[in-house]
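Respectively, the protein sequence lines represent chains U and Z.
Going by the UniProt record's numbering, the first residue of the first sequence is number 1, and it counts up by one from there.
Going by the UniProt record's numbering, the first residue of the second sequence is number 1, and it counts up by one from there.
To be clear, the hints were calculated from the coordinates, so they are not data collected in a lab.
Here the structure is a predicted model, which means the values were calculated and not measured.
Please note that a few of the clues may not be correct.
Claimed, not checked - Straight-line distance between alpha carbons at most 35 Å, and here's what the computed DSBU-like set of lysine-lysine pairs gives: (1) K211(Z) to K345(U); (2) K363(Z) to K114(U); (3) K285(Z) to K193(U); (4) K211(U) to K211(Z); (5) K285(Z) to K211(U); (6) K291(U) to K363(Z).
There are 2 protein chains.
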Amino acid sequence: MDPKLGRMMLKEWVAIESDSVQPVPRFRRELFRMMAVAADTLQRLGARVTSVDMGSQQLPDGQSLPIPPVILAELGNDPTKGTVCFYGHLDVQPADQGDGWLTDPYVLTEVDGKLYGRGATDNKGPVLAWINAVSAFRALEQDLPVNIKFIIEGMEEAGSVALEELVEKEKNRFFSGVDYIVISDNLWISQRKPAITYGTRGNSYFTVEVKCRDQDFHSGTFGGILHEPMADLVALLGSLVDSSGHILVPGIYDEVAPLTEEEINTYKAIHLDLEEYRNSSRVEKFLFDTKEEILMHLWRYPSLSIHGIEGAFDEPGAKTVIPGQVIGKFSIRLVPHMNVSVVEKQVTRHLEDVFSTRNSSNKMVVSMTLGLHPWIANINDTQYLAAKRAIRTVFGTEPDMIRDGSTIPIAKMFQEIVHKSVVLIPLGAVDDGEHSQNEKINRWNYIEGTKLFAAFFLEMAQLH
Amino acid sequence: MDPKLGRMMLKEWVAIESDSVQPVPRFRRELFRMMAVAADTLQRLGARVTSVDMGSQQLPDGQSLPIPPVILAELGNDPTKGTVCFYGHLDVQPADQGDGWLTDPYVLTEVDGKLYGRGATDNKGPVLAWINAVSAFRALEQDLPVNIKFIIEGMEEAGSVALEELVEKEKNRFFSGVDYIVISDNLWISQRKPAITYGTRGNSYFTVEVKCRDQDFHSGTFGGILHEPMADLVALLGSLVDSSGHILVPGIYDEVAPLTEEEINTYKAIHLDLEEYRNSSRVEKFLFDTKEEILMHLWRYPSLSIHGIEGAFDEPGAKTVIPGQVIGKFSIRLVPHMNVSVVEKQVTRHLEDVFSTRNSSNKMVVSMTLGLHPWIANINDTQYLAAKRAIRTVFGTEPDMIRDGSTIPIAKMFQEIVHKSVVLIPLGAVDDGEHSQNEKINRWNYIEGTKLFAAFFLEMAQLH
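Generate the whole structure from the sequences, applying the supplied hints.
Right under this line is the structure:
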């Protein structure tokens with residue numbers, strides 16, 4: 001595999017503005033183009049490719065948008081070999097150069113060995129690393145040590161719309177011969193030391209709308225006599241979490257798995273230079289001072305983040321407006337053994353309680369717009385051992401055995417529907433900045449990651 | 001004056017996107033075009049017109065933008081006549097059709113006798129009504145009963161940048177012969193009954209910035225270990241005002257003028273159908289149940305409105321972001337005898353106190369970006385009596401003697417610098433919706449307002 005060719009392909013894929021978060025036709029067209037380019041790449045690799053029509057999506061405002069196809073691809077079906085299925089996604093988070101990107105987010109730009117671009121690490125780079133690994137065997141005219149399947153979607157950042165139904169339907173067809181499922185959609189917790197991930201948090205995303213009327217007011221003409229929606233909303237959002245990060249929704253910690261001595265020991269075994277982590281994150285001070293507390297609050301305790309407000313004044317300058325209708329957005333990261341529906345009820349009841357104390361004449365509506373389960377795996381499965389050996393071969397070190405604070409709901413979904421072992425083998429460094437401005441993947445990670453996947457194929461062949 | 005021509009001119013003026021709030025070159029160019037068109041109109045009316053270069057404006061981000069010229073115009077200088085100076089502004093608040101406008105905000109559109117368009121009532125319509133009144137005398141080949149001066153600016157919505165310096169400089173030149181100053185930049189408090197305004201609230205506009213770093217975070221990767229700026233900001237904004245509209249900043253009510261029996265009687269004399277007002281405002285319920293309380297909380301008590309947040313997620317959809325740096329915006333409407341600098345200190349100290357209780361590692365910066373004084377006049381001045389008579393002539397009724405909850409800082413400024421009587425003669429109906437979506441002026445108000453100004457000229461000639 002020629003590294004130059006690998007970078008060219010990443011450049012081509014990053015250039016496609018496959019934003020699945022902003023529900024507008026322009027980005028949907030880009031998503032369809034992205035999936036077509038990927039299908040073509042896999043076909044040229046010799047895979048049998050099916051692009052599954054996913055129908056369309058009804059948005060809350062009544063608009064209907066087509067869902068990009070999911071790619072199912074198969075390469076080899078030798079019954080004496082194991083079959084590994086790789087999951088990836090090719091949609092990305094929104095990116096706008098005005099938000100603080102130093103380079104055009106849709107033009108892959110190399111600076112000091114870092115490849116900047118939206119989707120570079122989440123998740124176009126890792127998908128291409130897997131494809132590059134397969135290409136390497138092809139280029140060397142070697143047989144693939146394993147049968148390989150791909151399931152590639154274009155709606156991950158929007159909650160993998162309709163994917164679960166497809167996996168359910170393909171459970172006894174596409175997935176029937178699959179032994180192992182590999183996902184590479186998260187990051188290491190270090191800049192240089194690789195990791196294997198055996199658990200992720202879930203996520204429940206809420207909107208709370210407060211409405212006086214569907215038109216704004218002038219703050220001179222109406223200020224002083226209204227129950228202002230922003231005052232209500234700020235009070236509602238302010239009731240969710242305290243300044244130490246503790247969630248104030250009653251009952252929210254009831255189902256969180258109790259902490260055992262054994263579990264604490266796994267955190268102690270992980271190398272994490274807190275000072276370096278804090279510096280690379282460019283954060284003045286974290287909420288906690290020890291490595292163990294930091295890891296536990298990222299992995300095994302829930303967290304609540306307030307994302308923003310829709311409908312209020314959000315531009316530079318000074319507009320003297322009383323917004324008539326505002327929508328607050330926040331989400332709770334869920335951990336084993338929290339239940340999405342229970343959390344939905346707890347949050348709704350809490351906000352209703354807080355709102356009722358205000359005697360506001362406004363209307364409040366709480367909605368959970370996404371509900372994604374947490375996931376945790378058995379780290380003694382064959383492919384966990386194979387991945388460890390491959391890491392030893394390529395990087396000469398033991399991996400960090402980690403969990404991820406982010407939500408990779410398909411991990412949990414695959415385990416529940418397909419009942420096969422799922423492993424997460426991240427390629428990106430801790431400072432890659434997925435979901436934020438100046439997302440990047442290091443050139444080194446992209447190349448070594450390609451080697452890691454190739455070594456993993458060989459180890460799987462031995463262990464199977 | 002032909003009503004058709006009057007409407008054509010309003011259409012032409014509304015079509016110019018003279019937004020002074022959004023500090024971008026495109027809108028600045030439109031502002032310059034707007035001022036040139038107005039200068040040309042006044043010249044064709046026979047006025048001696050000067051367009052005063054106002055230099056440029058330094059923005060907080062370092063950017064420099066040119067300020068549109070102020071028009072000073074004079075029509076007649078007969079020493080036996082009184083001289084009335086009319087102030088108006090031709091800049092507008094931001095308007096975007098996506099925000100809920102039913103028609104293009106920059107295309108004047110008549111529906112059921114209502115002329116919809118940004119600036120139709122605030123303040124392009126009233127400026128044109130004054131010009132139309134002068135044109136009427138010209139068309140009838142009658143001498144103007146008074147000498148007329150115009151001062152027209154293009155930065156009112158952005159705080160009348162640099163206007164005060166100009167008025168100070170012109171105090172003994174342009175303003176030396178001026179006897180009375182008329183402003184028409186507010187609204188009636190009824191749909192059909194005219195009003196004269198003798199006081200306005202001031203405004204102090206604040207930003208409170210909370211910063212962790214200049215880049216956003218992914219809520220999966222960092223949620224649980226950060227002092228999140230949005231949590232800090234929501235707590236800060238939530239500490240400002242309670243659910244009954246009472247401002248919680250310590251000391252803020254200390255300088256508010258005490259309420260007298262006589263003042264209460266002026267509110268009692270005003271006709272205000274609360275039910276109709278509530279319906280036309282499309283508000284379910286106000287904070288207060290009596291006419292007197294409503295009027296007092298709009299005119300003689302301060303109010304605090306939260307306008308929005310810059311830097312957070314403000315679009316449709318679900319983005320799992322922890323904003324790294326957010327700016328909350330709110331303002332306090334000031335009343336006699338509150339002092340802008342005292343309020344600035346009180347608000348800053350209060351926010352610093354609240355922030356310090358949070359032990360947050362983020363940085364907080366409070367700034368007062370606008371500080372505009374409240375204003376109150378003597379309602380026994382000659383021109384108040386002339387305006388009352390003109391209203392009786394044109395509308396056959398006594399005006400409501402009102403104050404305005406909005407800020408018209410130049411009223412206070414003219415009184416302080418020029419030391420001449422200032423009156424506000426609004427033309428627009430209570431439901432015109434200045435500063436909000438679907439701003440309009442009624443065709444009837446625009447035409448009768450033109451007549452009112454003509455009758456006012458005649459009354460002034462008699463009383464002077």
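Of the hints given before, which are not true for this structure? Violated: hint 3 alone.
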